[in-house]
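The listed protein sequences correspond, in order, to chains A and B. Position 244 (the first sequence) corresponds to 244 in full-length UniProt numbering; numbering is contiguous. Position 103 (the second sequence) corresponds to 103 in full-length UniProt numbering; numbering is contiguous.
Hint data in this document are derived by calculation from the structure and do not stem from the laboratory. There's no promise every hint is true.
One side of the interface only, derived from the structure: several residues of chain B facing chain A at Cβ under 10 Å [stated by the list, open to error]:
#, residue
1, A13
2, F17
3, R25
4, P77
5, I79
6, A95
7, V99
8, V111
9, A125
10, L148
11, K149
Just so it is clear, CB atoms sit at the ideal spot from N, CA and C, and this is done for glycine as well.
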Amino acid sequence: MTTDELIIATCLRAGKIMVENGSEISRVDDTMIRIAQNAGVVQANTYVTITGVMMSIQGRNATQIAAVTKRTIDLEKVAQVNQLSREFADQSIDLPTLHARLGQLDQASRSFPLWLQLVGAALVSGPLMIMFRQETINTWPTVVIGTLGYLVFYLLNRYLKIKFLSELVAALFIGFAAEWAYQIGWGTNINDIIIGSLMPLVPGVPLTNAVRDILAGNFVSGPARAVEALISAAALGFGIAVVITIF
Amino acid sequence: MGVIGQLMLAYLAVLGFGLIINIPRHALNVAGWIGTITWGGYLIVQAYGGGVVLGSFIGSVGIGVLSNLVAHYKKMPSIIFNIPSLVSFVPGSQAYQMVRNFALGQYDQAVGFMLQVVVITGAIALGFLVAELLNQLIAFCQQQWRRLKV
Chain A
1 MTTDELIIAT
11 CLRAGKIMVE
21 NGSEISRVDD
31 TMIRIAQNAG
41 VVQANTYVTI
51 TGVMMSIQGR
61 NATQIAAVTK
71 RTIDLEKVAQ
81 VNQLSREFAD
91 QSIDLPTLHA
101 RLGQLDQASR
111 SFPLWLQLVG
121 AALVSGPLMI
131 MFRQETINTW
141 PTVVIGTLGY
151 LVFYLLNRYL
161 KIKFLSELVA
171 ALFIGFAAEW
181 AYQIGWGTNI
191 NDIIIGSLMP
201 LVPGVPLTNA
211 VRDILAGNFV
221 SGPARAVEAL
231 ISAAALGFGI
241 AVVITIF
Chain B
1 MGVIGQLMLA
11 YLAVLGFGLI
21 INIPRHALNV
31 AGWIGTITWG
41 GYLIVQAYGG
51 GVVLGSFIGS
61 VGIGVLSNLV
71 AHYKKMPSII
81 FNIPSLVSFV
91 PGSQAYQMVR
101 NFALGQYDQA
111 VGFMLQVVVI
121 TGAIALGFLV
131 AELLNQLIAF
141 CQQQWRRLKV
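Using the sequences and the hints, build the whole thing.
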């Protein structure tokens, strides 16, 4: 591989990891240009969207494209790419090492274990229900149903790999479970239980990134992310609407 | 339930959302504190009768500015801090009431809740815009300050 090719391959790998794991577009652009500049390229062109990353070096023949087919949310990886880019900038690692380290980063999964994510879901659903509704009677049903709802979403998303369908089924599960808790007299207000239990599934990352991308002027990726957030919200809302209509 | 209780709950909720979206371990605590401080700001606005929309606006400005400061200090991307901190400001309750009233066929109430959701979301987005402006102002002032000292 020539140096030009290695530079482009490294930048594309960094950009692809960042887009895949939920970074905003302007940060990806910035990181890729920085890596290229620190590798000695005077003028590099990047074109980043949420479905693909392209890069060329001005005046040379090298241009490459990396397609982004899967998108998850793992902000730890975004932070690590940033860290590696910083290390490359103050020359504590060289270009081949950066390329290899990015490859390792892409393979390794350092996400929190499932049980800790479930603790997270419990912490989101219970406290937010109390904060939104100013009552504590329904706390335990909300915590339990919120945690189980997130578990349903997690497992389905892992084996089905269709995010919107997993959200729909999780919302259906939460609705029926809340109705059941209400009927056996465990909870007193079905609305409060559903509101709290849905909070771990709220599409916070696509929504925030949509706003940030649009404000930064990325009119391809921003609206696309907004659509993603909207479909997620619609899937959740539709699941709940079905339950409300039945009972 | 007092103010202290609300602030503790805000901290826990932000921590929980941080665990779900997998932010780096040593960023969890700081993100939680940003969430707590901005929720405190929201409660102050509420106490003076400012309403939910103004409260969300102030909260999101605070999140934007604090996240950027912390991001510079800890050398991490700022989205790591501002996405989990925002979870308390999501208009979840209103969005649910909107869906519920649409499902029950009570469209007049549903549209009312929908407008609330739109206005609150808009206030949060506007808050980010203002925060971005403040961040650039802070960066500019720091630059000038450094130039003056040299």
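Hint check, failures only: 8, 10 and 11
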